[in-house]
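S.K.: Given next are the chains, with one letter for each unit.
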Amino acid sequence: MAIPTSSHYPAPEWSAYVDGELPAARREAMREHVRDCMECAAILRSLQAVQRGAEQLAHQPAPARPQLRSRLISVGAAVVEQAQRRQRWAALLTGVVVLAVLAGLAWMVWRGITTPTHPARTVVAAPAIWVSLDHVLVARYFVEPPALEYDVTIRNASARALEIIRVIVSDPLGEKERPVAAALRVEPGQTLQRVFSRPVGEDAKLRPGRYRILLETSEGRLVAEKVVP
Amino acid sequence: MTELDTETLRRCRRGEPAALGALYDCYRQPVYYLARRMVGETEAEDVCQEAFIAVFRGVGKFAGRSKLSTWVLAVTTRVCWMHLRKRRRVEEKVEPADAAEADAMTLLSPSDELINKEFLEQLAAAMDRLPENQRLAIALRSFEEMSYEEIARAMNCQTSQVRATLFRARCRLLKFLKGH
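Chains as they are written, first to last, in numbering that gives the first Met the number 0: chain A, 0 to 228; chain B, 0 to 179.
Hints are not guaranteed to be accurate.
Far from chain B, by Cβ distances over 12 Å, these chain A residues were calculated [stated by the list, open to error]: (1) H32; (2) L98; (3) P187; (4) V227.
Computed footprint of chain A on chain B, listed as stretches where at least three residues anywhere in the stretch have a Cβ under 8 Å from a Cβ of chain A [claimed, not checked]: (5) 9 to 18; (6) 27 to 34; (7) 46 to 56; (8) 116 to 123; (9) 130 to 142; (10) 160 to 174.
What the hints contain is simulated information worked out from the structure, not anything from laboratory work. Built from N, CA and C at the ideal position, the CB exists for glycine as well.
Chain A with its partners taken away, still in its complex shape:
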């Protein structure tokens, strides 16, 4: 006899029914069905026989092994002690690692508070050091060729000396970003007025546009601009 597949409950359902793993309503419906259905009743009986047989096998007494028992108990006591020791070491190690991580974090936080991360950049934005471009003009002297002059004021109110390494100007008269001077020192608390210049042509005139001076310093870049209308 084969398991019927239509108009009956499927065989896997009966398997779950035997195990009591179906919802109550479903189980009740199947119980009703099996009363009148010989085919499903046969399937159920077979599955129940197999399950009951397996349960009986499981409850057959295991062979008594007194020697195995005593050996296992003595080994077991040692094993438990070893496991406990291992757990204590693991807990200790975890504690040390956690402490080390916390100490590391605390150090990083402390260091982050006391040390500026990017000194060169922060100084440029700080009011302690600033530069202003006061005038731009084309100067003509008797003995020297004409020059485009940048009148600049540099204020160093910080506690450290400011080294000006390079000065670059850009303007509408000539090439852009042309280096014009180097190596200048502004002491702490000093305000320096300085003229930076670059030679221009005989017939050069001040043209409208943006005049820009950039100072590369030991504390970062300083920039000043002036727009000539």
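Dock chain B against chain A, hints included.
M.R.: Here is chain B on its own, set in the frame of chain A:
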């Protein structure tokens, strides 16, 4: 299956020999049965021993999220799997539980359904012929307290998988029994 009381379990965690003996006595039967079904009679005792040592080693970490019996059987299951993996026994290929298998499943005649000694012997022999996972599912299900969920936890799979595996196993057992 009887459960160990909490006081004895606490003493087991401290490694007291008497408590460990009580734990052994309490679960010897199911552990041995599971080992017997999974690895055969000759190696069952070794596996049983290994399983209990694993249980003793882990009893301190047992968190009580499941019944102790379920946990002990799960540990035994792992030991059986490891043992079988070592042995690398070639098993039959598991067939899917499709309609064809269900159709082909023959049923026991009413006279066969009587559970007698002969039937049990045939059933035990048939169980030994099952693929490992089906054998394990049937063996775990033989302890009536083990629900699908607990079996799934022990076998490290889904509940739906347990249901399907048990069905396949029973189909096969019926086939073997009929053909005997």
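S.K.: With a Cβ-Cβ cutoff of 8 Å, does the segment 130 to 142 of chain B contain at least three residues near chain A?
M.R.: holds (count 5)
S.K.: Are at least 3 residues of the segment 9 to 18 of chain B within less than 8 Å of chain A when you compare beta carbons?
M.R.: holds (count 6)
S.K.: Closer than 8 Å Cβ to Cβ for three or more residues is the test here. Does the segment 46 to 56 of chain B pass it with chain A?
M.R.: Since 6 is at least three, the answer is holds.
S.K.: Please verify that the nearest CB of chain B lies beyond 12 Å from L98/A's CB.
M.R.: With a cut-off of 12 Å, L98/A remains clear of chain B, as the shortest Cβ separation is near 24 Å.
S.K.: Was V227/A rightly flagged as not at the interface, with every chain B Cβ beyond 12 Å?
M.R.: 80 Å, holds
S.K.: How does the coverage statement for the segment 27 to 34 of chain B fare against chain A, requiring three or more residues with Cβ below 8 Å from a Cβ of that chain?
M.R.: holds (count 5)
S.K.: Just to make sure I understand the rule, a stretch counts as covered if three or more of its residues have a C-beta closer than 8 Å to a C-beta of the chain. Does the segment 160 to 174 of chain B meet that for chain A?
M.R.: holds (count 8)
S.K.: Would the non-interface assignment of P187/A survive a Cβ cutoff of 12 Å against chain B?
M.R.: 66 Å, holds
S.K.: Do three or more residues from the segment 116 to 123 of chain B put their C-beta atoms closer than 8 Å to C-beta atoms of chain A?
M.R.: holds (count 4)
S.K.: Measuring Cβ to Cβ, find out whether H32/A lies farther than 12 Å from everything in chain B.
M.R.: Holds: least Cβ distance 17 Å, greater than 12 Å.
Every hint from the earlier list agrees with this structure, and none is contradicted.
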